[in-house]
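Numbering-wise, the sequence shown is residues -26 to -1, 1 to 157 according to mature numbering (1 follows the signal peptide of the UniProt record, and there is no 0).
These are calculated hints, taken from the structure and not from any lab test. Do not rely on the hints blindly, as some may be mistaken.
Said to hold, decoys possible - Distance windows between CB atoms, simulated:
| id | residue 1 | residue 2 | range |
| --- | --- | --- | --- |
| 1 | P135 | H4 | 38 to 46 Å |
| 2 | R119 | H(-21) | 55 to 63 Å |
| 3 | R(-17) | S33 | 41 to 49 Å |
| 4 | R139 | S33 | 32 to 40 Å |
| 5 | E113 | T7 | 34 to 42 Å |
Said to hold, decoys possible - Listed next, the in silico EDC-like pairs over lysine to aspartate or glutamate satisfying Cα-Cα at most 20 Å (straight line):
| id | residue 1 | residue 2 |
| --- | --- | --- |
| 6 | K11 | E130 |
| 7 | K132 | E62 |
| 8 | K44 | E62 |
| 9 | K134 | D80 |
Don't be surprised by glycine CBs; every beta carbon is placed ideally from N, CA and C.
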Amino acid sequence: MTFNIHKLIRILVWLLVVHVTVVSYAGRSHFVTTELKIRNGMQGLKRPEIVYHCHAINSGLDYGWRRATKPPLGHSFHVLLEGGEKLEEEIHRCHFRSVLGTADVDIRMTAIDAEICNFKKACAIHEVTPEGITFDGKEWNFEERYPRLIPKKYLEAKWKPWPRRTSRSSGGQGSGRRPSGSQ
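Model the full structure from these sequences, guided by the hints.
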């Protein structure tokens, strides 16, 4: 048996590379992507259009104003969540407008929710209906010994009606004109 120094150096370098790779990835968290789905369900209205604006509180992402003109149109926002050792909740604050008024909803997501819903088409949908904003999806049931996802549907927020407009025929006070006959 002959001792080959070059072979020993290659093996040591390979072990060093593997060790550095494993140690560098051990403390890192992983990221999971999911979708925030909003659907227009304003069936039976003369003007079923909805307008909404969503932004993420923790990450500061602003998704901008969106419009869904007819049911069942809507949008899906791709959300990147951080998992691993740091399991933080991402809150998406959404403001909705329609002919019925306004509504505000805080949508909370975690990386665990995203991992469970990662390969399913519709894990959770927020549907805008004439009653308000409804959640249609799966939530954790912690009442049992082993928590599991169960399907749920409930109303998240009701519409707040638009404020009433003041009439301008109250003696000309709202229009800036003087009543006729006074100089």
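Notebook entry, point to check: Tell me, which hint numbers fail for this structure?
Noted result: 5, 7 and 8
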